[in-house]
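Counting the sequence shown from 1 gives a position; my numbering is that position plus 3.
Rather than coming from a laboratory, the hints here were simulated on the basis of the structure.
Just to be clear, a hint being listed does not mean it is correct.
For lysine-lysine, the following DSS-like pairs were computed, each having C-alpha atoms within a straight-line distance of at most 27 Å [as the list claims (entries may be wrong)]:
1. LYS46 - LYS145
2. LYS31 - LYS46
3. LYS110 - LYS145
4. LYS14 - LYS110
5. LYS46 - LYS110
6. LYS116 - LYS14
7. LYS31 - LYS145
8. LYS31 - LYS14
9. LYS145 - LYS116
10. LYS110 - LYS41
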Amino acid sequence: MRLADLREEYKNLFDNATINPDWAEQVKAIADQIRLEKSRYNKIQEAIGVPWYVVGIIHNMEASEDFSRHLHNGDPLTDRTYHVPAGRPVNGSPPFTWEESAIDALKYEGLNKWEDWSIPGILFSLERYNGWGYRMYHPEVKSPYLWSGTSV
């Protein structure tokens, strides 16, 4: 998959998406919590360049904003990950700090090298992080990782 092929789709979907009314309170609470943890997410941004709000979004999606869980997939920091990607982080010994794990997860997914932090670029990087399964095997369904709780 290439961003160039999906940029317009992401832009159009984002521009026309609305938050479903029954999700509005939950979305606001998540956004408020991410902003509350900005200083912690900002440490990751300073270390590897991924914007703090992208780190926060991934943290919510993968670990329900629980700092005792791996950013890779929500497994506990007390051991290496056992779900995909299993065996992360490779370096160091458990228990891992959330920051160690977050940096490893984002580097593993190549987000430390990603440069396009526009809305389409963020959506592409998030869908890639979660996997292309919906797009490849169920193209009639837009990825819930991006669009659940919206009109899309």
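field: Which numbered hints fail
entry: 1
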